[in-house]
Amino acid sequence: MYWWQIILFPFALLFDVITRLRNRLYDRGIRQSTKFDTNVVSIGNLSIGGTGKTPMLNYLIDYFHAKDWKVATLSRGYGRNTRGFRLASTEDNADSIGDEPFMYYTRYKGVVPVAVGEERDLALSELYLHEPDTHVVLLDDAFQHRRLLPSASIMLTTYQHPFMTDFLLPAGRLREARSGARRADIIIVTKCPENISGAEQVKYREQIRSYSDAEVFFMTTVYHQPKPMFENDIPLKRNVVGISGLAHSGSFERHLQKHFGVKLTHHYRDHYRYKNQDVKDIIQELDDDTSLVTTEKDMVKLRHFDALQRFSCFYIPIEMKFIKDEALFLSTMESKLKNYVDDPN
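Its first residue numbered 54, the sequence shown is counted upward by one per residue in our numbering.
Capping the alpha-carbon separation at 25 Å, the derived lysine to aspartate or glutamate pairs in DMTMM-like fashion look like this:
1) LYS88 <-> ASP186
2) LYS333 <-> GLU284
3) LYS377 <-> GLU253
4) LYS389 <-> ASP238
Label pairs and their computed distance ranges (CB to CB):
5) LYS391 <-> GLY163: 22 to 28 Å
6) HIS308 <-> ASP148: 26 to 32 Å
7) GLY163 <-> VAL275: 23 to 29 Å
8) HIS320 <-> LEU67: 29 to 35 Å
Calculated from the structure, these hints are not laboratory results. The structure presented is a predicted model; accordingly, all values stated were derived computationally and were not measured. For glycine and all other residues, C-beta sits at the position ideal for the given N, C-alpha and C.
Build the full structure now, drawing on both the sequences and the hints.
Pasting the structure below:
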């Protein structure tokens with residue numbers, strides 16, 4: 054524990070009392086949780102961001118879509134300038150529904166319904182009114198939303214900063230006590246080295262077992278080849294300026310350093326809304342030998358700035374893949390769901 058964590062520890066104890074009391078009210082049924090007679094999969098974490106929820110949602114969307122399930126996503130819509138329930142349409146952008154929901158809508162070209170709403174239980178009812186044939190709804194970042202009881206709960210924690218060694222806010226990054234992990238049906242350790250050893254996996258499983266009986270899996274991040282942000286036929290240059298607005302940009306920046314000649318990197322806060330001045334500053338760093346390279350989440354916001362269209366601008370799609378036991382993960386998850394696997398109709 055660092056000195057600043059020691060100073061903040063009394064505030065973390067107060068936060069612990071508040072969150073434990075809230076959870077106990079739900080655990081004892083004093084506060085009610087709503088359970089829908091439908092398939093609802095929650096993807097969340099104990100910590101504040103940066104665990105890989107977005108690529109995990111993409112993985113699940115692709116999986117269910119390949120099975121011919123009618124899948125939809127429901128997010129809070131963090132950082133949007135609207136309120137209440139909203140079903141994404143061609144009129145929306147990152148400002149109106151949030152950057153991550155807009156990324157889902159853009160990636161799946163409207164085929165997958167994307168909804169946002171602060172109160173997930175109310176928003177889910179509204180979503181079913183609009184999309185009554187939906188077979189499964191994926192809840193984005195809903196682990197602490199106790200008013201809604203999901204069919205299956207998937208909790209993510211990173212290899213670099215696992216919840217077992219973290220502390221409560223503000224001394225650490227946990228939103229609630231480590232014991233909250235017991236609500237998870239599945240725990241996935243994300244952002245693992247591709248060559249993580251069996252012994253290290255056993256160590257993580259043993260540490261997690263102190264807090265949860267959930268099945269534990271391990272995933273690594275795969276960075277794909279850069280894709281153009283615009284259809285302007287300007288090739289990728291040998292030098293790049295890296296732009297990211299992530300909770301933790303270290304992995305992205307390390308990937309750039311490994312594979313490109315990095316002129317410089319700009320790291321903005323998570324869910325950052327880019328302004329005209331930001332784009333002007335970025336353009337100052339671009340030239341005939343330098344490309345802008347960003348994340349997919351930032352791409353959906355940056356590509357709306359027309360000034361960038363005359364430059365070489367690319368984004369890097371990522372995905373998560375299982376180190377092993379993918380089939381076991383899928384069977385564990387599906388065991389919690391109504392059986393639409395063989396015949397979704």
